[in-house]
Every structure is written in C-alpha cells, then in structure tokens.
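If you use full-length UniProt numbering, the sequence shown closes out at 344, no skipped numbers anywhere.
Any given hint could turn out to be false.
What the hints assert, rightly or not - Restraint ranges, calculated between C-beta atoms of paired labels, are given here:
#, residue 1, residue 2, range
1, 179, 313, 22 to 30 Å
2, 132, 156, 21 to 29 Å
3, 150, 189, 19 to 27 Å
4, 289, 188, 17 to 25 Å
5, 336, 96, 13 to 21 Å
6, 153, 236, 41 to 49 Å
7, 153, 214, 23 to 31 Å
8, 282, 155, 24 to 32 Å
These are computed hints drawn from the structure, not numbers from a lab.
Just so it is clear, CB atoms sit at the ideal spot from N, CA and C, and this is done for glycine as well.
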Amino acid sequence: MDRALKTPDRPAHMIIPRRVTGCLPPPALSLCINGNLHTIQNMDAVFPCLNNRFSSALFPLAPPTCSICPSSQWMIQEPHKVATFFGCIGKDKFGKILKEKAEEAHVDAHYYEQNEEPTGTCAACITGDNRSLVANLAAANCYKKEKHLDLEENWKLVEKAQVYYIAGFFLTVSLESILKVAKHASENNKIFCLNLSAPFICEFFKEALMKVMPYVDILFGNETEAAAFAREQGFETEDIEEIAKKAQSLPKENKKRQRIAVFTQGKEGTVMTKGDKVETFPVLEIEQSEIVDTNGAGDAFVGGFLSQLVQDKTFEQCIRAGHYAANVIIRHAGCTFPEKPDFH
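Based on the provided sequences and hints, a complete structural model is requested.
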C-alpha cells in the first residue's frame, strides 16, 4: 500500500523475494553446519531415508526468508498479508504445502511454478545449540526474472511496497532480480534490506554481493558472517563494532539514507550502527533448559525487526522486537509461535 495511506495500524507493504540456498547443480546436496557449507553427492539416498525414519525431519525449503514473513505477520497480527513473498516451487506436494502454510500464516505468497525441478526440501538436524541443514535446492535455483518478477502484475506489487528484504542466498540464483528491486528502492527512497546469510556468500559470491551493496540501506548478519565479510573486504579487524562501522561506510547510491548495519551474536548483545555511533543491545535471557530449537532464531529476529520497521518505529524498538521474536521461537520446534505475541 502507498506510504500516504499507511497509519500505525496499517503497516506499509513489505515484499520479500525468494530465499534460495546455494547454486549447487543436481545431484549435489548443500550441507550447512553452523554456517559452513559442504556438499553431499548421493542425494537420492539421503532424503528417502530421512523421510522414512523421521516423519517431521523433512520440510519444503523455506528458511530463512519464507519464515521471516510469518514472523513479521505474527508480530503485527492485523491487517493480514502485510508481507508479499516471491519464490519458485515445483508443481508437487511440497509446493502445495508451502502455499497452504503461507495462506495459514496470512502471507501474500506469489510463486513461480515450474516443472523442471521439484520444490526444494531441507532437513534440519538439531543437537543442543547446534544445527545441521541438508538442503536439496531443486526449484529454489530456478527463479526466473523474466518469467515472474518482470510480469506486470508482479512488478506492481514491487512498486506498491515500501520495504524490501532479500537474503544473501538469492545472490546465487538471480542477481538481475535483486538489482532490479534494489535500484527501484534506491530511486524511490524506499528501504532495501539485505542479509549476508552465510559466510560462503561473503567468500564465494563476493562480486555479486558487492554489486548489490551500494543499494543496501540495512545490512543484517550474525557474528560469523560479519567476520567473513570483514576478511573478504580487507577490513583488517576482528572487532564486530569496527566491522559494523566499516560496513556502514561502504559506498552507497541513495545518500538520503545512511546505511545501518545490524549484527546479532547469539546470546551476546546485538550490534547496530546509529549515526556515527555503534550501540550494543542485550538479548533477552533464557534458561538453557527452555531452548528447544535455535534453527529459526536469526530469521525470527529479522521478522520481528521488520514488523516494527514497516510501522515507522524507532530502530531501538525494531531491535527489541527482533530479540523478542527470537526469544519466543527458540522455545518451540520449527517456525511456530503462540497464537499472539506479548510484546509491548
């Protein structure tokens, strides 16, 4: 909806193009262990085994961006369908599940559906505070700008939005789609957000990342991703506050908005640049025994952050909301929330 029509109880529209993990060709698998990328060649043997032994282990490839939309919508509650989501799926049962789950979460999902590859799937293995993700990327690698983003009805949704969020994983699939949205945001003084997503994005997709960086108004990442970004950019520092400052000062197209860098650090405080300063915000405390699943914590943080951003709240409020959403989601298995938030 247009900014002129936005009121505190009617947040600005938010569009979130599809999250895609990696660009490995079939039959390889992407195996991500605490942010480090590996590969598995025998894809056909892994997923049937997991699906047979663990009925809840396999799910359509959704985190992080697909889980950020429900997180934001849960924090906002009403109106419904504040977030518009673009993605690519296959015409199969997992694609059907994704569409159903988006509808249940009141997310306005618009998928490019194709027959070349099945809907991407991901197995999440949680051990204590650690996680391993085994992803069959499949359709997630098949998004086509000319067949979806460029369509008049879809581009109108982009023009309608005021805030844009894209995961760094999508750099491996459709840089041209990202740049089209990023340039639109910059030219119209809208907010464009990017997540570093994983260390390998900073390392192996550095050229694509830096083509997008001049358009980034808000840069998200965790401490591991920030460190990898600093190494690749030659920042010559391991101090996360200094990394945030240097990331903020990188060249930028839209001079009307100063870039903000937001780096989470797990149970440690979240670092955010603000003007010429860097502030650290403590996270909410939680007992180890209350932690069920940390897999969606980072996504929930971004979802909570964006839920306040689209309502023109302060950045401090955005951080608080992000911490709250993350604190809630790690108490539950998967991307699941209580009926309503208790955030004030």
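Consistency of the hints with the structure:
no. : hint                     : result
1   : 179 with 313: 22 to 30 Å : holds (29 Å)
2   : 132 with 156: 21 to 29 Å : violated (40 Å)
3   : 150 with 189: 19 to 27 Å : holds (23 Å)
4   : 289 with 188: 17 to 25 Å : violated (48 Å)
5   : 336 with 96: 13 to 21 Å  : holds (20 Å)
6   : 153 with 236: 41 to 49 Å : holds (48 Å)
7   : 153 with 214: 23 to 31 Å : holds (29 Å)
8   : 282 with 155: 24 to 32 Å : violated (42 Å)
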